[in-house]
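Make a model of the complete structure from these sequences and hints.
Residue numbers (our numbering), protein chains in the order written: chain V, 1 to 176; chain R, 1 to 436.
Watch out, some of these pointers could steer you wrong.
[Said to hold, decoys possible] With a straight-line Cα cutoff of 30 Å, these simulated DSS-like cross-link-like pairs (lysine-lysine) come out: (1) V:102 / R:390; (2) R:183 / V:172; (3) V:68 / R:31.
None of these hints come from the bench; they were simulated from the model.
The model shown is predicted, which means the values in this text are computed figures rather than measured ones.
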Amino acid sequence: MAILELLYYPDEKLHQVSAPVTEFNDELRQLVSDMFETMYADEGIGLAAPQINVFKKIVVIDVVNEKKPEDQLVLINPEFTFKEGSTGIDEGCLSVPGLRGKVERSEKVTVKAQNLDGEFFELNADGLLAICLQHEIDHLNGKLFIDYLSPLKRNMYRSKAKALAKERERQKKHQD
Amino acid sequence: MINSKNPRTLAAEIITEALHDGQPLMATVRKKAKTMSSQDASFLKELVNGILRHKLYLEGIVDAFVEKPFKAKNIKVKYAIMAGLYQLAFLNTPHHAAVNETVKAVGELGFDTLKGLTNAVMHGYLRKKGELEQQLNKSYETRYSFPQWLITDIKAAYGKSLGTVLENLNRHPPLTVRVNTAKCPIDEYIKLLSDNGLTGTPVPKVPCALVITPPVNTEKLPLFDSGAVFIQDAAAQQAAIFLDPQPGDIILDACAAPGGKTTHILELCPDVKDLVAMDLDEGRLMRVRENLQRLRLKAKVVSADASSEDHSWSPYSAYDRILLDAPCSATGVIRRHPDIKWLRTPDEIKSIVKLQRQILENMWQMLKPGGIMLYATCSIEPEENTLQIKNFLSEHSDAELIPLTAEETAENPGLQILPGLDDMDGFFYAKMKKNC
Chain V
1 MAILELLYYP DEKLHQVSAP VTEFNDELRQ LVSDMFETMY ADEGIGLAAP
51 QINVFKKIVV IDVVNEKKPE DQLVLINPEF TFKEGSTGID EGCLSVPGLR
101 GKVERSEKVT VKAQNLDGEF FELNADGLLA ICLQHEIDHL NGKLFIDYLS
151 PLKRNMYRSK AKALAKERER QKKHQD
Chain R
1 MINSKNPRTL AAEIITEALH DGQPLMATVR KKAKTMSSQD ASFLKELVNG
51 ILRHKLYLEG IVDAFVEKPF KAKNIKVKYA IMAGLYQLAF LNTPHHAAVN
101 ETVKAVGELG FDTLKGLTNA VMHGYLRKKG ELEQQLNKSY ETRYSFPQWL
151 ITDIKAAYGK SLGTVLENLN RHPPLTVRVN TAKCPIDEYI KLLSDNGLTG
201 TPVPKVPCAL VITPPVNTEK LPLFDSGAVF IQDAAAQQAA IFLDPQPGDI
251 ILDACAAPGG KTTHILELCP DVKDLVAMDL DEGRLMRVRE NLQRLRLKAK
301 VVSADASSED HSWSPYSAYD RILLDAPCSA TGVIRRHPDI KWLRTPDEIK
351 SIVKLQRQIL ENMWQMLKPG GIMLYATCSI EPEENTLQIK NFLSEHSDAE
401 LIPLTAEETA ENPGLQILPG LDDMDGFFYA KMKKNC
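This is the structure in structure tokens:
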């Protein structure tokens, strides 16, 4: 088990499109388990593989955030088969720390994906889970929630992102 | 994705966890605040502390409009409403913003059905504000939001000062630092602060203390990384001064974590022969080690139980000076930890007094003849303080009180600093010598 290093906005790699997973093996299991640990460490409810510098179509989600196995969702190669309605909440992202912003999303969605054994399944979702699925699957297509916000908000965040990067650097040095 | 909840929602969840599920308040706040913007994080802290500081006042408002009591299942909703009322009553937030955001928070908590009630309570308060204020200010309990038993204790001990003490315990604490004047003279540090747009105000009788305004995060404090400053209340800074360490002394700092007083002793007297910093909690001892490292100081750090008669942990059989910063009710630092008001019980204070007595007894045995002990608490309960020491002096013929002020006698020993005096925390000190 390990907490993995995150990529942070404005890292261009976050805009890269991820490739489908073809091999379902122990390595994948380990990666997914580390992704959960990384997500929980920062109070996240969802994490996509490109956020940890792995450009594969893998998403982990736990919207309850109590670390219970029954709430943990793993989606390999997910895609939407159905979207309906409109909703939106203030979203936040582990790769865009310190920013909240409202994004318009579909209210109900259906997702087709594979599990850790490569078996296909379908998932119907609404509420927070539907929003989280859209946020994470966006990551696999190189899209961040901040990309939906106004250019003014994005630019304001850029200077803050620099300050945060410096602070992370400082803390890292402190730990060593 | 991070579920970036409304700070009011988080405040309601955090308070529920702290008061009903026994979760440590500040640790939970820090954990949740980690992924928030610094603005949202300080707003969250303001809400959590505000609701706890004015709990009975805010509950009084809710009760005026809600007939059915809240149950364990929806108690969160009550705290969310109180967050909104706190904004209206104490923060001058524009009415529509406070009401809208609070209604939203109740929705986020999963209680859409109680949105109407939330709206009604908040608008009801705005309509009847004057009348409610008058009514709630009638009793000390609702006016200052303190449990009755604690009001009774404070009244018995400090009589006329009751209102002032309660009011000061509800104030926001200042940011106070201790400056290591060997690394940076105090005048120079004041200048450095002002170069950074900050003001440093000296504290009477505590020469190394500065109150810094406006309060900032440590990374904004000049010379913080070099170890020239340490964040510590001015009342706590008096411990090392009163202990008065001398070159060649072997010193024990009992119950040392997080190491504020440990490091101060070493700064005041770098030529002590040795200092042993002891604490029960291994996790909190890490903080002692970190602080020693940041301030580039050396001490022996040991994990041990100060109340146990087994002294095998100690590298020395006896000490020249012992600082005993005893576990206490922490009633003197309620302004920093307002949850204490609601978590402490009179029974708990009784058992703390017993534990302190046991530790005092035990540590006294580790003091060399002619040695000095400084007993300290951050409590304002006389049983933990002056009565504890009075009792100890009467039971130990080899214990002699060394007065820290002119008013002290064996019948009325120790210096009680009341919270808010010179903007300090509430603290108690008593100094004793072990006669041969």
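Do the hints match the structure? See the list:
Note on residue 102 of chain V and residue 390 of chain R: the hinted pairing is violated, with a Cα-Cα distance of about 63 Å set against a maximum of 30 Å. Of the supplied pair hints, the one linking residue 183 of chain R and residue 172 of chain V holds, its CA atoms being roughly 26 Å apart against a limit of 30 Å. Of the supplied pair hints, the one linking residue 68 of chain V and residue 31 of chain R holds, its CA atoms being roughly 19 Å apart against a limit of 30 Å.
Against the hints set out earlier in the document, a violation occurs for number 1 only.
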